[in-house]
Amino acid sequence: MPQKHLINFKEFKAGALLSLPICAGYFAVSFALGITAKDAGINAPLAALMSFTNLASAGQFAGITLIMAEASFFETFLTILVINMRYGLMSLTLTQKLAKGTGTIKRLLIAYGNTDEIFGVSSTRSEPLTGSFMAGLEIFPILSWTAGTFIGSVAGNILSERILSALGIALFGMFVSIVVPPATKHRPTAIVALISMGLSLLMYFVPVFSENISSGFRVIICTLTAAFVGALFFPTPEEKKEADQNA
Amino acid sequence: MPENKNIMIYLLIMALTTYAIRAIPLVLLRREIKNIYVKRFLYYVPFACLTAMTVPSVFFSTANILSAVIGFAVAMVLGLFRANLPLTATLACVAVYVTDRIMDLAG
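Listed in order, the protein sequences are those of chains A and B. My numbering puts the first residue of the first sequence at 1, with every later residue one more than the last. My numbering puts the first residue of the second sequence at 1001, with every later residue one more than the last.
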């Protein structure tokens, strides 16, 4: 009779260890978010509540702007929808990596913590993603994100400007570390990343695009286009492996 | 500035919208996708997505563009040598810190 524990500790621990750099990066970004929220007149408990319930940096910065401007609720909904739509694409990708038989409740819990960074780190794992692994990966960054916001709001001056500046790049360092090593082993991956980068730069710096396309849409358009080109022209490393085995 | 009760409504809209985006695909799509093109597409999504989020935003993530460029360059070199993730993230931060400090001294 197989053991039925709620949590597989080994899986949980593997996820938790991988989440440590995310925790550090989240603390810095949410700390800055807390300062922004305070300057906008949102009190610390509300700012922390926003972080705890949203887990979305760009979406929350936009949300603060919307709240300050007393935007309509419909406009708030639409803006958040556009900025955060990329998470839908990430969740879609995640469905194919979940361990077989992951039930609805686990899926609902995993969905809550599916941030850019957690999705990025989970995509580097070769094993199927279990509920325990995802719990370990998600819980500590969620706490860090919430606590960082609260502390940034009540004690924004405890971290020096220089430390905050340095920590500001942490999450991007993570992204580089997720994208570049696989791209050195598989040329099409590099090409897809370069297409995405080129498009992103184009849309950011050419006024005709940057004036009309929000940051959320920019990421979506780049992702869809570059991944589409990849799908049309390039086999994945896994396909290549299977083809080699069959040959 | 709206009062706290109104802010709660904003937070509720934001949270529900964001959660729905994340949860709907995860709950609805349960079968394994067999179509080779869709599989490829989903394989490339993380790379395309993280790259678009990094460039050019990374250049505005620190106190000034120079320290960001140097931090990014350090991360890229470490990535090309396939250094692990915590090391890459940490050394990028250190590079930014050192650059900012040197610039402070240089005035």
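In short, the hints are calculated from the structure, not lab data. Because the structure is a prediction, the values reported are computed rather than measured. Ideal placement from N, C-alpha and C gives every residue a C-beta, glycine not left out. Treat the hints with care, as some may be off.
Stated by the list, open to error - Derived list of chain A stretches under chain B, where covered just means 3 residues or more per stretch with a C-beta under 8 Å from a C-beta of chain B:
1) 85 to 93
2) 120 to 130
3) 167 to 174
As the list claims (entries may be wrong) - Some but not every residue of chain A turned toward chain B, in silico, with C-beta under 8 Å:
4) F12
5) A44
6) F61
7) V180
8) M197
Claimed, not checked - DSSO-like mimics (lysine-lysine), calculated; alpha carbons at most 27 Å apart, straight line:
9) A:K185 x A:K97
10) A:K240 x A:K97
11) A:K100 x B:K1039
12) B:K1005 x A:K38
13) A:K185 x A:K106
14) B:K1039 x A:K240
15) B:K1039 x A:K185
16) B:K1039 x A:K97
17) A:K97 x B:K1005
18) A:K106 x A:K13
19) A:K106 x B:K1005
20) A:K185 x B:K1034
21) A:K106 x B:K1039
22) B:K1034 x A:K241
23) B:K1039 x A:K241
24) A:K240 x B:K1005
25) A:K185 x A:K240
26) B:K1034 x A:K100
Tested hints:
{"no.": "1", "hint": "85 to 93", "in the structure": "holds (count 9)"}
{"no.": "2", "hint": "120 to 130", "in the structure": "holds (count 4)"}
{"no.": "3", "hint": "167 to 174", "in the structure": "holds (count 8)"}
{"no.": "4", "hint": "F12", "in the structure": "violated, 19 Å"}
{"no.": "5", "hint": "A44", "in the structure": "violated, 12 Å"}
{"no.": "6", "hint": "F61", "in the structure": "violated, 11 Å"}
{"no.": "7", "hint": "V180", "in the structure": "holds, 3 Å"}
{"no.": "8", "hint": "M197", "in the structure": "holds, 5 Å"}
{"no.": "9", "hint": "A:K185 x A:K97", "in the structure": "holds, 21 Å"}
{"no.": "10", "hint": "A:K240 x A:K97", "in the structure": "holds, 19 Å"}
{"no.": "11", "hint": "A:K100 x B:K1039", "in the structure": "holds, 17 Å"}
{"no.": "12", "hint": "B:K1005 x A:K38", "in the structure": "holds, 17 Å"}
{"no.": "13", "hint": "A:K185 x A:K106", "in the structure": "violated, 34 Å"}
{"no.": "14", "hint": "B:K1039 x A:K240", "in the structure": "holds, 13 Å"}
{"no.": "15", "hint": "B:K1039 x A:K185", "in the structure": "holds, 19 Å"}
{"no.": "16", "hint": "B:K1039 x A:K97", "in the structure": "holds, 11 Å"}
{"no.": "17", "hint": "A:K97 x B:K1005", "in the structure": "violated, 40 Å"}
{"no.": "18", "hint": "A:K106 x A:K13", "in the structure": "holds, 17 Å"}
{"no.": "19", "hint": "A:K106 x B:K1005", "in the structure": "violated, 32 Å"}
{"no.": "20", "hint": "A:K185 x B:K1034", "in the structure": "holds, 25 Å"}
{"no.": "21", "hint": "A:K106 x B:K1039", "in the structure": "holds, 23 Å"}
{"no.": "22", "hint": "B:K1034 x A:K241", "in the structure": "holds, 17 Å"}
{"no.": "23", "hint": "B:K1039 x A:K241", "in the structure": "holds, 15 Å"}
{"no.": "24", "hint": "A:K240 x B:K1005", "in the structure": "violated, 56 Å"}
{"no.": "25", "hint": "A:K185 x A:K240", "in the structure": "holds, 12 Å"}
{"no.": "26", "hint": "B:K1034 x A:K100", "in the structure": "holds, 15 Å"}
Hint compliance for this structure: hints 4, 5, 6, 13, 17, 19, 24 are broken, all remaining hints hold.
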